[in-house]
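Novice: The lines below spell out each chain.
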Amino acid sequence: MEVLKIATAGSVDDGKSTLIGRILYDTKSLTTDKLEAIEKTSKQRGYDYLDFSLATDGLVAEREQGITIDVAHIYFSTPKKSYIIADTPGHVEYTRNMVTGASTSQASIILIDARKGVIEQTNRHFFINNLLRIKDVVVAINKMDLVDYSEDVYNKIKADFEELMSKRDYQDQSISFIPVSALKGDNVVNASKNMPWYKGETLLDHLEKLDKADIFNVGTPRFPVQYVIRPKTEEYHDFRGYAGKVYGGNLSVGDEVVVLPSLTKSKIKEIYFYDQKYETASRRSSVTITLEDDVNVSRGDMIVKADDLPTIEKQFTANVCWMDSKQLTPGAKYIVQHGINKVLAKVDNIHHKIHPDYSGIEEEVSGLGMNDIAQVSFKLNKPIYYDKFKNHRTNGSFIIIDTQSNNTVGAGFIQ
Amino acid sequence: MKKDTSYINALENEAIYIIREVAAQFEKPVLLFSGGKDSITLVRLAQKAFYPAKIPFPLMHIDTGHNFPETIEFRDRLVEELGLELIVRNVQDSIDQGKVKEESGRYASRNMLQTTTLLDAIEEFKFDACIGGARRDEEKARAKERIFSVRDDFGQWDEKNQRPELFDMLNGEIDLGQNVRVFPISNWTELDVWSYIEKENIEIPSIYFAHKRKVFLRDGLIWSAEDGVVYRDEEEEVIEEMVRFRTVGDMSCTAAVLSEASTITKVVEEIRDSSISERGARIDDKRSEAAMEKRKQQGYF
Numbered sequence: 001m002e003v004l005k006i007a008t009a010g011s012v013d014d015g016k017s018t019l020i021g022r023i024l025y026d027t028k029s030l031t032t033d034k035l036e037a038i039e040k041t042s043k044q045r046g047y048d049y050l051d052f053s054l055a056t057d058g059l060v061a062e063r064e065q066g067i068t069i070d071v072a073h074i075y076f077s078t079p080k081k082s083y084i085i086a087d088t089p090g091h092v093e094y095t096r097n098m099v100t101g102a103s104t105s106q107a108s109i110i111l112i113d114a115r116k117g118v119i120e121q122t123n124r125h126f127f128i129n130n131l132l133r134i135k136d137v138v139v140a141i142n143k144m145d146l147v148d149y150s151e152d153v154y155n156k157i158k159a160d161f162e163e164l165m166s167k168r169d170y171q172d173q174s175i176s177f178i179p180v181s182a183l184k185g186d187n188v189v190n191a192s193k194n195m196p197w198y199k200g201e202t203l204l205d206h207l208e209k210l211d212k213a214d215i216f217n218v219g220t221p222r223f224p225v226q227y228v229i230r231p232k233t234e235e236y237h238d239f240r241g242y243a244g245k246v247y248g249g250n251l252s253v254g255d256e257v258v259v260l261p262s263l264t265k266s267k268i269k270e271i272y273f274y275d276q277k278y279e280t281a282s283r284r285s286s287v288t289i290t291l292e293d294d295v296n297v298s299r300g301d302m303i304v305k306a307d308d309l310p311t312i313e314k315q316f317t318a319n320v321c322w323m324d325s326k327q328l329t330p331g332a333k334y335i336v337q338h339g340i341n342k343v344l345a346k347v348d349n350i351h352h353k354i355h356p357d358y359s360g361i362e363e364e365v366s367g368l369g370m371n372d373i374a375q376v377s378f379k380l381n382k383p384i385y386y387d388k389f390k391n392h393r394t395n396g397s398f399i400i401i402d403t404q405s406n407n408t409v410g411a412g413f414i415q
Numbered sequence: 001m002k003k004d005t006s007y008i009n010a011l012e013n014e015a016i017y018i019i020r021e022v023a024a025q026f027e028k029p030v031l032l033f034s035g036g037k038d039s040i041t042l043v044r045l046a047q048k049a050f051y052p053a054k055i056p057f058p059l060m061h062i063d064t065g066h067n068f069p070e071t072i073e074f075r076d077r078l079v080e081e082l083g084l085e086l087i088v089r090n091v092q093d094s095i096d097q098g099k100v101k102e103e104s105g106r107y108a109s110r111n112m113l114q115t116t117t118l119l120d121a122i123e124e125f126k127f128d129a130c131i132g133g134a135r136r137d138e139e140k141a142r143a144k145e146r147i148f149s150v151r152d153d154f155g156q157w158d159e160k161n162q163r164p165e166l167f168d169m170l171n172g173e174i175d176l177g178q179n180v181r182v183f184p185i186s187n188w189t190e191l192d193v194w195s196y197i198e199k200e201n202i203e204i205p206s207i208y209f210a211h212k213r214k215v216f217l218r219d220g221l222i223w224s225a226e227d228g229v230v231y232r233d234e235e236e237e238v239i240e241e242m243v244r245f246r247t248v249g250d251m252s253c254t255a256a257v258l259s260e261a262s263t264i265t266k267v268v269e270e271i272r273d274s275s276i277s278e279r280g281a282r283i284d285d286k287r288s289e290a291a292m293e294k295r296k297q298q299g300y301f
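Chain order of the listed sequences is F and Z. Position one of the first sequence corresponds to residue 1 (UniProt numbering), numbered consecutively onward. Position one of the second sequence corresponds to residue 1 (UniProt numbering), numbered consecutively onward.
I should point out that these hints are in silico values taken from the structure, not numbers from a laboratory. Since the model is a prediction, treat every value here as computed from it, not as a measurement. Be a bit skeptical, because a hint or two may be false.
[To be verified] List of simulated lysine-lysine pairs, DSS-like, C-alpha gap at most 30 angstroms: (1) F:Lys28 <-> Z:Lys199; (2) Z:Lys214 <-> Z:Lys266; (3) Z:Lys214 <-> F:Lys34; (4) Z:Lys54 <-> F:Lys267; (5) Z:Lys266 <-> F:Lys28; (6) Z:Lys199 <-> F:Lys81; (7) Z:Lys160 <-> F:Lys346; (8) F:Lys232 <-> Z:Lys266.
The whole structure should be built from the sequences, with the hints applied where relevant.
Specialist: Structural data, given as structure tokens:
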């Protein structure tokens with residue numbers, strides 16, 4: 001069994017929360033007390049149906065306005081998989097939340113209202129999924145009940161979306177189309193009787209069949225050192241362990257490694273997970289490793305295989321998504337957090353703004369506002385050890401922190 | 001049936017990563033320990049994160065004075081066995097100092113009063129990061145919570161202005177006086193925690209298992225009639241039932257469930273088949289639809 005993280009994106013009123021509620025309901029993941037609360041509130045508001053969006057819209061302001069403001073996390077499981085859904089808002093002004101939700105997800109669902117078809121928001125959602133290199137995207141064409149379950153409507157929307165796909169940057173993305181009605185439950189968990197023309201999988205069947213190896217980006221091993229463990233007890237007097245999470249690929253005892261930035265060579269001596277020793281540390285495991293030689297390693301350093309070094313540079317160019325109301329301007333200084341490593345960075349140049357709806361780029365940019373996406377170069381006070389985002393999702397991404405407010409004000413994907 | 005628990009490894013690796021980030025990014029972290037299964041799980045995860053070194057931060061228990069005695073015994077034994085530092089701060093002291101007023105009546109609880117004692121303790125020890133066992137699946141306002149959640153000088157949660165969290169990069173930059181609440185098991189469900197406890201063979205307080213207890217019924221919930229903490233009307237009849245607790249919060253707001261599950265394996269089976277949510281037995285959440293969001297804004301954990 002595995003954990004699959006999915007991001008959902010849709011425009012206002014596309015029925016995203018209803019879809020999630022429907023999944024929870026049909027997989028029997030809603031407990032009696034939660035269901036009772038939904039029934040009660042739906043009745044109070046005079047609805048003649050169950051408003052499943054009440055299951056996910058957790059903040060008072062959201063329930064009042066009937067919209068999703070913040071990323072909500074929803075959990076359910078089937079005998080095959082454990083699922084975590086990051087439910088992200090669809091409004092233009094919440095693009096940053098969409099980027100956030102997509103950054104931790106391996107698959108994504110884009111919702112389209114069958115009555116409206118592909119709209120500017122759809123372009124934007126698809127663009128972000130493509131920018132973040134989400135491997136598996138499901139286009140759920142919702143509210144099919146309101147267009148008489150028409151195959152023509154479905155085909156028209158599919159054709160429009162396919163046109164969009166020709167413009168994408170990341171061509172290996174796998175995209176599937178499913179006609180659904182979240183409100184009535186067609187093709188969400190249970191196959192629809194109303195659309196005999198559709199021979200494909202239901203949404204849940206599709207998610208259940210996604211293969212782990214397919215949806216994760218695999219690269220080369222990178223081991224950023226989070227914490228140096230020195231027990232200083234009698235038994236472990238000389239123990240120096242480097243704690244961290246393995247990204248991209250596996251590391252094994254005996255591997256010849258290099259410590260960055262010092263470029264010191266050594267070999268992996270032991271791999272610990274708690275009180276057990278292992279021969280191999282697999283991708284995404286939080287282990288502690290020791291080295292053969294007594295080398296100087298501290299937090300922020302990176303251990304990599306000797307024959308596969310990342311780029312070690314004091315500058316880089318990246319696609320940046322800006323997330324703050326205060327503008328990013330050339331010359332401004334920020335903290336760049338690359339993985340766990342923090343460096344001071346200066347904006348060298350904003351090359352161009354990229355319209356996230358595939359309508360082109362804009363040159364001559366003086367600054368970036370909230371939700372803008374642009375190609376930006378940075379100069380750093382210390383080198384970082386990076387890969388291109390397209391080769392390594394973790395080692396090719398970073399966040400930007402404002403030195404005054406301490407807020408996370410942007411995210412970037414190194415080119 | 002042999003259960004597949006491999007997916008928990010992913011959650012465990014994530015939690016260990018988060019706990020290590022706390023130790024690395026903050027000067028004075030603390031692990032908030034209630035004696036409940038979630039905080040016991042956190043202790044195990046912290047042990048794993050730093051082995052063979054000891055956990056590099058203390059535990060702190062905000063004692064409402066209404067804890068199940070089994071929980072306190074358990075707490076003291078755990079701390080002793082693992083050689084950890086334990087700080088205890090009492091809600092009773094906050095009441096005695098006149099900082100908070102004890103609620104009265106049928107639904108009187110010290111659950112809300114904890115917040116003041118907690119915020120005072122954070123200030124007293126200058127803690128800059130408090131690790132807690134809250135999970136996003138518990139409650140819908142908690143579903144919006146970040147892993148590193150910044151609190152201002154007043155301990156308040158600004159839910160509309162939260163820092164975005166991308167990939168697994170955690171931004172622990174804060175100003176003096178601010179602190180961060182950290183939730184390493186954010187992405188775990190109740191069933192995940194129980195499955196982990198089973199898989200790791202972690203000891204937990206006995207009240208989590210089915211036992212005979214004197215109880216009474218109110219509002220469809222089962223309340224403990226022992227220890228005299230929960231207010232009971234004369235006409236509310238005391239009966240003896242086989243029960244267990246799904247959470248071990250303040251006794252005054254934690255109801256029991258009927259259960260025959262006397263072993264961890266049976267508890268896991270029971271949770272898997274359960275049709276009522278964990279916090280369904282917490283009266284504090286039933287006060288209103290936005291009860292948790294309001295408490296969180298005020299600094300509740």
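Novice: Run the distance test for F:Lys28 versus Z:Lys199: straight-line Cα separation, threshold 30 angstroms.
Specialist: The hint holds at about 25 angstroms.
Novice: Please work out if Z:Lys54 and F:Lys267 have their alpha carbons no farther apart than 30 angstroms.
Specialist: Holds, at roughly 26 angstroms.
Novice: Could you grab the alpha-carbon distance between F:Lys232 and Z:Lys266 and see if it respects the 30 angstroms cut-off?
Specialist: The hint is violated at about 42 angstroms.
Novice: Are the Cα atoms of Z:Lys199 and F:Lys81 separated by 30 angstroms or less?
Specialist: Holds. Z:Lys199 to F:Lys81 sits at ~18 angstroms (cutoff 30 angstroms).
Novice: Within 30 angstroms, alpha carbon to alpha carbon, are Z:Lys160 and F:Lys346?
Specialist: holds (29 angstroms)
Novice: Against the 30 angstroms threshold, does the CA-CA distance of Z:Lys214 and F:Lys34 hold or violate the hint?
Specialist: holds (28 angstroms)
Novice: Holds or violated: Z:Lys214 with Z:Lys266, Cα cutoff 30 angstroms?
Specialist: holds (22 angstroms)
Novice: Assess, step by step, whether the Cα of Z:Lys266 is no farther than 30 angstroms from the Cα of F:Lys28, and give holds or violated.
Specialist: holds (21 angstroms)
In summary, the one numbered hint that this structure violates is 8.
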